[in-house]
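Visitor: Given next are the chains, with one letter for each unit.
Protein chains: 2
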Amino acid sequence: MKKFDSAAFKLGVLGGGQLGKMLIQSAMDFGIELHVLDPDPNASCSNYCKHFSVGSFQDYDSVYQFGKNMDVVTIEIENVNVAALKQLATEGVAVYPQPEIIELIQDKGLQKQFFVQNAIPTAPFVFIHQKEELEKYTDSFPAIQKLRKAGYDGKGVFKINSAEDIAKGFSEPSILEERIDFEKELAVIVARNAKGDITAYDVVEMEFSPTLNLVELLFSPAKITPEQEQNAKEIAMRVMDKLQMVGLLAVEMFLTKSGEILVNELAPRPHNSGHHTIEACVTSQYEQHLRAILNLPLGDTKLLQAAVMINILGDVGYTGPAKYIGLDAITADSQVHVHLYSKAITKPHRKMGHVTILDSELEKAIDKAKFVQSKLKIQA
Amino acid sequence: MKKFDSAAFKLGVLGGGQLGKMLIQSAMDFGIELHVLDPDPNASCSNYCKHFSVGSFQDYDSVYQFGKNMDVVTIEIENVNVAALKQLATEGVAVYPQPEIIELIQDKGLQKQFFVQNAIPTAPFVFIHQKEELEKYTDSFPAIQKLRKAGYDGKGVFKINSAEDIAKGFSEPSILEERIDFEKELAVIVARNAKGDITAYDVVEMEFSPTLNLVELLFSPAKITPEQEQNAKEIAMRVMDKLQMVGLLAVEMFLTKSGEILVNELAPRPHNSGHHTIEACVTSQYEQHLRAILNLPLGDTKLLQAAVMINILGDVGYTGPAKYIGLDAITADSQVHVHLYSKAITKPHRKMGHVTILDSELEKAIDKAKFVQSKLKIQA
Numbered sequence: 027m028k029k030f031d032s033a034a035f036k037l038g039v040l041g042g043g044q045l046g047k048m049l050i051q052s053a054m055d056f057g058i059e060l061h062v063l064d065p066d067p068n069a070s071c072s073n074y075c076k077h078f079s080v081g082s083f084q085d086y087d088s089v090y091q092f093g094k095n096m097d098v099v100t101i102e103i104e105n106v107n108v109a110a111l112k113q114l115a116t117e118g119v120a121v122y123p124q125p126e127i128i129e130l131i132q133d134k135g136l137q138k139q140f141f142v143q144n145a146i147p148t149a150p151f152v153f154i155h156q157k158e159e160l161e162k163y164t165d166s167f168p169a170i171q172k173l174r175k176a177g178y179d180g181k182g183v184f185k186i187n188s189a190e191d192i193a194k195g196f197s198e199p200s201i202l203e204e205r206i207d208f209e210k211e212l213a214v215i216v217a218r219n220a221k222g223d224i225t226a227y228d229v230v231e232m233e234f235s236p237t238l239n240l241v242e243l244l245f246s247p248a249k250i251t252p253e254q255e256q257n258a259k260e261i262a263m264r265v266m267d268k269l270q271m272v273g274l275l276a277v278e279m280f281l282t283k284s285g286e287i288l289v290n291e292l293a294p295r296p297h298n299s300g301h302h303t304i305e306a307c308v309t310s311q312y313e314q315h316l317r318a319i320l321n322l323p324l325g326d327t328k329l330l331q332a333a334v335m336i337n338i339l340g341d342v343g344y345t346g347p348a349k350y351i352g353l354d355a356i357t358a359d360s361q362v363h364v365h366l367y368s369k370a371i372t373k374p375h376r377k378m379g380h381v382t383i384l385d386s387e388l389e390k391a392i393d394k395a396k397f398v399q400s401k402l403k404i405q406a
Numbered sequence: 027m028k029k030f031d032s033a034a035f036k037l038g039v040l041g042g043g044q045l046g047k048m049l050i051q052s053a054m055d056f057g058i059e060l061h062v063l064d065p066d067p068n069a070s071c072s073n074y075c076k077h078f079s080v081g082s083f084q085d086y087d088s089v090y091q092f093g094k095n096m097d098v099v100t101i102e103i104e105n106v107n108v109a110a111l112k113q114l115a116t117e118g119v120a121v122y123p124q125p126e127i128i129e130l131i132q133d134k135g136l137q138k139q140f141f142v143q144n145a146i147p148t149a150p151f152v153f154i155h156q157k158e159e160l161e162k163y164t165d166s167f168p169a170i171q172k173l174r175k176a177g178y179d180g181k182g183v184f185k186i187n188s189a190e191d192i193a194k195g196f197s198e199p200s201i202l203e204e205r206i207d208f209e210k211e212l213a214v215i216v217a218r219n220a221k222g223d224i225t226a227y228d229v230v231e232m233e234f235s236p237t238l239n240l241v242e243l244l245f246s247p248a249k250i251t252p253e254q255e256q257n258a259k260e261i262a263m264r265v266m267d268k269l270q271m272v273g274l275l276a277v278e279m280f281l282t283k284s285g286e287i288l289v290n291e292l293a294p295r296p297h298n299s300g301h302h303t304i305e306a307c308v309t310s311q312y313e314q315h316l317r318a319i320l321n322l323p324l325g326d327t328k329l330l331q332a333a334v335m336i337n338i339l340g341d342v343g344y345t346g347p348a349k350y351i352g353l354d355a356i357t358a359d360s361q362v363h364v365h366l367y368s369k370a371i372t373k374p375h376r377k378m379g380h381v382t383i384l385d386s387e388l389e390k391a392i393d394k395a396k397f398v399q400s401k402l403k404i405q406a
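These protein sequences, in sequence, are chains A and B.
Per my numbering, the very first residue in the first sequence carries number 27; after that it's consecutive.
Per my numbering, the very first residue in the second sequence carries number 27; after that it's consecutive.
If we strip away everything but chain A, and leave its shape as in the complex, we get (with noise of 0.2 Å):
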């Protein structure tokens, strides 16, 4: 790989959402030549990238021609043409994560038999290709129906609760994962260099939004033990240490009622559970992700103070031209950091923005978060 050590270095990125954005704002500090490829011309990046390509990631001609006169490609989204990333990496692109890691990550099925072949503990699961052969684990309901390939956000996730949602079952690729009675949704995000290097941030506990299944609320540190903590950390080290992956990987995982950390699924980027390192942690997940794919020394993970990430979502019955309600109010306390996406059209349940809060105590930044969830609104 060419060496990171001048203005006229080259990053290309696919994807140019709000991660795109914020890994701009990073790069930034590091002066370097950003292009982002998208097929939105008014995506989030659009406004703050001067070499912004208009074209889809996800096909061959577009991915291969923004790629080849990179230094380093790397991803945002990890539904791209991973045909023309192999390709470009054949050619001598540096392209990180891999493009042989992120066909893996696509596919749910692939995922979970790397865990097993690693000893990655996982939800047990099987595969199915036709929805009659839901029929044979009537027993082990209610369980899970997953597309290997595309869901993404809840979309490609099925609930069957008995025999009779069957008929409503996906019949593509797709695996049964038996349903974990968990207790805890937690993420770790893990980073490494082309030296191997790995780094993991302290665990982070979602709150779900159980209608949206969003992300409503993350908080770090995690309401769990120092075992606990350290073995979720160890487990997503050891994820990466196995892929021997270039770059940041989100570690999403279950703790179950007994106490079990079971890896539940992979994204090889920056990630929504990361968000409150920008301002919580000594180098943001965002710095992180270039340092390992720029092959500089990583850095610091340490979490400076408690921090609480909530996602700004467009309000039920509004779409349009976003208006902000409540700006006044919630910039009041300068510990509340917001980050909103430059999306021009709010409509409901879209991502607008995010708020992290910081505090030395978890438990006021969340009742501090409680109050910007009730003040801060995106309508139109």
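Worth flagging that the hints you see were computed from the coordinates, not collected in a lab.
Do not rely on the hints blindly, as some may be mistaken.
List of simulated lysine-lysine pairs, BS3-like, C-alpha gap at most 30 Å [said to hold, decoys possible]:
1. A:36 x B:377
2. A:249 x A:268
3. B:210 x B:390
4. B:76 x A:373
5. B:259 x B:172
6. B:29 x A:377
7. A:396 x A:283
8. B:390 x A:328
9. B:76 x A:403
Partial selection, computed: residues in chain B whose CB lies under 10 Å from chain A [claimed, not checked]:
10. 56
11. 73
12. 326
13. 359
14. 378
In this text, all values refer to a predicted model and were calculated from it rather than measured experimentally.
Cβ atoms here follow ideal geometry from the backbone N, Cα and C, with glycine treated the same way.
Place chain B on chain A using the hints.
Guide: Showing chain B alone in chain A's frame:
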């Protein structure tokens, strides 16, 4: 002024250098629509701003045309066309800092008069129009002659040691200032919003390079007494209150050998002496400037750790495409925060970036800064 409540809110920035670039990084958090005007098509900001206009910020028409569709116009350099800004203000564009204040600060003579009229301590001075007038003041030599306008980064400043230097003096409107035998150079950054709230950051102490008249090393907290710290902050806040300015103001000061604080000059914008606030303070100077001009509540200025900032200048003997030497060595410590300004071409003494070093102990941070200075080189 139109209320900031949507992604369609338009902020125009006159000047597209590194201060503008760091302002963009902060403005991205608020997701506002940014526009930048700079004569250099390759200015730092050009890489990170969709609405980057090439044009002169000193030209009436360029500034007027650029500003007339903005909601707020601000500056990252004070050498701008004030007449156009005045016209924009009369047409309802919010111009912050106010054009009259930029005009006052552009003229070192008016600045000095303002200090005298408002009982702000400053070095004694007289007005000079022709160099022959200098002969009247030989008793007060050594003294400093400064052009009233267009002096910047040491240009337009002439040290008169003895009567023999008079022939080399300026015959343009200027001031002759008593040469202060100062102990230290200090700066205080203050901010004020339209509601009239004022905040001050902790005092920073500057070590200047004797040859280049550029800050070589800056640190906060300053090595001064609590009374001097308090006095410096009060004077800076008084300047801001008397100006009734909206925005961010850097107040440069001398601490004399007798312990007196004298105001040297003002910069009505984010400033070199506030770079460290990005990592060292709850609210960075860039966010504070935005909070002020968007009429949001001002943020907490608390210094969280001791901070040292060093400017990274192009090495002597190298002109051409810039190469960064030593990035690996210095980024091994993630309390060393690198900011490279995306400038493709280096030349001797060109400001190519800065580095902020944090530590719980100031002396350790200074030691690390000296290590960074010895390792990080910009060559071609």
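Visitor: So, for every hint listed, does it hold in this structure?
Guide: Structure-based check of each hint:
1. Pair hint residue 36 of chain A plus residue 377 of chain B holds up; C-alpha atoms about 22 Å apart against a cutoff of 30 Å.
2. Straight-line distance between C-alpha atoms of residue 249 of chain A and residue 268 of chain A comes to about 28 Å, which keeps the hinted pair within the 30 Å bound.
3. For the hint linking residue 210 of chain B to residue 390 of chain B, the alpha-carbon distance of about 21 Å falls within 30 Å, and the restraint holds.
4. With a CA separation close to 24 Å, the supplied pair residue 76 of chain B and residue 373 of chain A stays within the 30 Å bound.
5. As the CA atoms of residue 259 of chain B and residue 172 of chain B are separated by approximately 26 Å, the hinted pair is consistent with the 30 Å bound.
6. Simply put, residue 29 of chain B and residue 377 of chain A have alpha-carbon atoms about 23 Å apart, close enough for the 30 Å limit, and the pair holds.
7. For a cut-off of 30 Å, the pair hint linking residue 396 of chain A to residue 283 of chain A stands: about 27 Å separates their Cα positions.
8. Restraint check: the Cα-Cα separation between residue 390 of chain B and residue 328 of chain A comes to about 19 Å, which is no more than 30 Å; the hinted pair holds.
9. Only pairs whose Cα atoms come within 30 Å are accepted, and residue 76 of chain B paired with residue 403 of chain A is accepted, the gap being roughly 27 Å.
10. Among the interface hints, the one on residue 56 of chain B holds; its C-beta lies about 6 Å from the nearest C-beta in chain A, closer than the 10 Å criterion.
11. About 5 Å separates the beta-carbon of residue 73 of chain B from the nearest beta-carbon of chain A, less than 10 Å, and the hint is met.
12. Annotation: residue 326 of chain B was flagged as interfacial toward chain A, and the flag holds, the nearest CB pair being 4 Å apart, inside 10 Å.
13. Satisfaction of the interface hint for residue 359 of chain B is found here, the shortest Cβ-Cβ separation to chain A being roughly 8 Å, below the 10 Å cut-off.
14. Interface hint status for residue 378 of chain B: upheld, as the beta-carbon distance to the closest one in chain A is roughly 9 Å, under 10 Å.
Taken one by one, the earlier hints all hold for this structure without exception.
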